[in-house]
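Novice: Fit chain D to the known structure of chain V by using the hints.
Number of protein chains: 2
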Amino acid sequence: MKFRKVEGGVTAAKSFLAAGVAAGLKKNEKKDMALIYSQLPAAAAGMFTKNRFQAAPVLVSREHLADGRAQAIIVNSGNANACTGEAGIKDARRMAELTGELLQLQPQDVLVASTGVIGQYLPMVKVESGIRAAVEQLQADGGLQAAEAIMTTDTTVKSAAYQVEIGGQTVTVGGIAKGSGMIHPNMATMLAFITTDCAIAPPLLQQALKQTVDRSYNLITVDGDTSTNDMVVVLANGAAGNQLISEENDDYRRFLLALQRVNTELSQKIVRDGEGATKFLEVTVQHAATVEDARILARGILTSNLVKTAFFGEDANWGRIVMAMGQTEVEFYPERVDIFLGDLQVTQNGQGLPLAEERAKAILARQDIQITVDLHMGEAEATAWGADLSYDYVKINASYRS
Amino acid sequence: MKFRKVEGGVTAAKSFLAAGVAAGLKKNEKKDMALIYSQLPAAAAGMFTKNRFQAAPVLVSREHLADGRAQAIIVNSGNANACTGEAGIKDARRMAELTGELLQLQPQDVLVASTGVIGQYLPMVKVESGIRAAVEQLQADGGLQAAEAIMTTDTTVKSAAYQVEIGGQTVTVGGIAKGSGMIHPNMATMLAFITTDCAIAPPLLQQALKQTVDRSYNLITVDGDTSTNDMVVVLANGAAGNQLISEENDDYRRFLLALQRVNTELSQKIVRDGEGATKFLEVTVQHAATVEDARILARGILTSNLVKTAFFGEDANWGRIVMAMGQTEVEFYPERVDIFLGDLQVTQNGQGLPLAEERAKAILARQDIQITVDLHMGEAEATAWGADLSYDYVKINASYRS
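So the sequence lines, in the order shown, correspond to chains V and D.
Residue numbers for the first sequence follow my numbering, so the first one is -10 and each next one is one higher.
Residue numbers for the second sequence follow my numbering, so the first one is -10 and each next one is one higher.
So here's chain V without its partners, still in its complex pose (with noise of 0.2 Å):
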């Protein structure tokens, strides 16, 4: 199958506009409001954060996906509308109220979401002001904008979208996704906002978003920790023309890879700018039981602090991905693990071999790292992306509400 990169993120795909401002929420008048809207109703879906406290934009966006359809999608940085009570639910209520009747829709087609500091009220009339800014500035080619106004502590405006023949016609999956610290995502990620042009059946697009997201938001790790306010949303409004998929068929397996190709490449570009990350590290657990072991066993492998900081110092203690792997939940057998750094084997059936320094000290001084880890269980793999851990990310988590 043929896949074509192309640009422009949530405009890429056919009849959606975007819009990036600065409504003042951020301080250097850095873009805080982005609008993403499709010109024909669509068919969505979402996934959220399963932390316990949930901010209002995502109880307010979930309740708003109920019925399977969006059109538009409000979002603000610098402040996450989480912790706020019923103020904040108000707030995000009015935000897709005042959104909808500028655009002329049903306040329920429009999405809401946040992301900033925790427990301070949204100054209403700012983001009044960027709402009525942002509709004003729909634009064919605003992903890019778009893109912008939803970063946070990120260094990097991350981007994708592909295009792919489905029945006849050119589909385009794009998306803009946000998100550099907090990430540990459960059932959702960041901020990750896809677009497409494909015709699907609301149903099938949330098996589409879930089956995806399960392969890359929700195997990527930066620092461990769980925001309140990651949601993942697409948007599918038709225009592309194809054959409406209602159905798990081969037209359906496409728009999957697809969105896969979309969702796993915004995934890693989280990861690249991971607060403080110098290296982009890659762990295959393979030959598990089930693929669910070898997920938590390579996220395991990347949330521990003592593995994250020695990949920073280049330091090739294996021994911390064994303490790593047994500290998770899963059933392996130790003396049968078989590890790889690079392709560098540095443990058989569970015991160091004679370190080869020099060959390892090469490979831990690249920047993207492939850790391999052999069960000689069954037949399952998995994949999962993760950062080290450096001064810098000490540094901007010291002195981030500051």
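The hints are simulated quantities; they were obtained by calculation from the structure and are not laboratory data.
Note that the coordinates shown come from a computational prediction; the quantities given were computed from them, not determined experimentally.
Please note: incorrect hints may appear among the correct ones.
Copies of one chain are not kept apart here, so a pair can be met inside one copy or by any two copies together.
What the hints assert, rightly or not - In the PhoX-like style, the derived pairs of lysine-lysine whose C-alpha atoms are separated by at most 25 Å in a straight line are: (1) K350 / K16; (2) K384 / K39; (3) K199 / K350; (4) K350 / K15; (5) K199 / K79; (6) K115 / K79; (7) K199 / K15; (8) K15 / K115; (9) K15 / K(-6); (10) K79 / K350; (11) K199 / K(-6); (12) K350 / K115; (13) K350 / K19; (14) K16 / K115; (15) K115 / K3.
Specialist: Quick look at chain D alone, frame taken from chain V:
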């Protein structure tokens, strides 16, 4: 009940000898082997790491504790003898065998512990010389030397001892511990060795150990990582002359409280010496549905990198406390949660209060900080202890092996 704090650590109790020697396992001629010896047969109990990778000395000591009796503990630092397969087991057995031979004990009456780098074989010629030297240097005031010899990245010696009257006799409970990184014990700790001259039957000794470990070592965390070598062991030789404790009577409760004091003090010393720690954080979760819930939440808060870096930065970012609670599996009502930093309330009913920045600043500038979380659900409560996450934590762990 009166407790008298005394000096001496593991040699504070009657009829215990100890030694610490330099066998060349560590650089710079630092002490790296410790021996603790009871001149009388002793009841013994232990708790061990739940990490799936269990180091050779853990496997051997478990086996030797099966009969509830032991009379000596031989320990080395500088090498964990973990992930060393059959050869490692053989080395651990040899340590027990030689120690037993020199002390005229059965190998089964000798416990073995190791701490240090994972995945390297013990240099047994050095270890055997170390054992011989340690036996020769056993002395009635050797507790401090033994405490020094078990240190790795520790910067302070960790020792505690208390006396209490039991049945008209003075009973002493003393201990030493090591641990500064890879600290997130699960049913055990880093290395801790407790000695007492109390006369107590093995089943009650085991029960007292579990009860006190659950409220001490199992409630501390430095970096969320659980070692392959964690072990806490207690020897009770009956030299105090009290009536043998063989049921849960008043004498048992007095002993339990003394043991709790020693274990609490040692575990807090481990946290204070946490790698790179600049703050000592005490989290109390009140009015939880169950003690287990309270423990999980308290430890969850202290395990979050984002919470830890915020305290390092003296930033009153209580939103991260909320996030860390919400990502545990505990069920609670976010809208009821009150949070206090010291005596300053920062959230009420899950929402932020206007922050008294000057007061918050003064509280966060302290070295010891109390955090109190009130769930307003039930009557259960737990307190846990942890450290912040600093530049030095990263520095220490980026170059540990080299």
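Novice: Hint by hint, say whether it matches the structure.
Specialist: Verification of the hints:
no.: 1; hint: K350 / K16; result: between (42 Å within a copy, 23 Å between copies)
no.: 2; hint: K384 / K39; result: neither (28 Å within a copy, 33 Å between copies)
no.: 3; hint: K199 / K350; result: neither (39 Å within a copy, 43 Å between copies)
no.: 4; hint: K350 / K15; result: between (42 Å within a copy, 23 Å between copies)
no.: 5; hint: K199 / K79; result: neither (29 Å within a copy, 50 Å between copies)
no.: 6; hint: K115 / K79; result: within (16 Å within a copy, 71 Å between copies)
no.: 7; hint: K199 / K15; result: neither (32 Å within a copy, 52 Å between copies)
no.: 8; hint: K15 / K115; result: within (11 Å within a copy, 62 Å between copies)
no.: 9; hint: K15 / K(-6); result: neither (32 Å within a copy, 56 Å between copies)
no.: 10; hint: K79 / K350; result: neither (55 Å within a copy, 32 Å between copies)
no.: 11; hint: K199 / K(-6); result: within (23 Å within a copy, 59 Å between copies)
no.: 12; hint: K350 / K115; result: neither (52 Å within a copy, 29 Å between copies)
no.: 13; hint: K350 / K19; result: neither (41 Å within a copy, 28 Å between copies)
no.: 14; hint: K16 / K115; result: within (13 Å within a copy, 62 Å between copies)
no.: 15; hint: K115 / K3; result: neither (31 Å within a copy, 73 Å between copies)
Hints 2, 3, 5, 7, 9, 10, 12, 13 and 15 from the list above are not met by this structure, while the remaining hints are.
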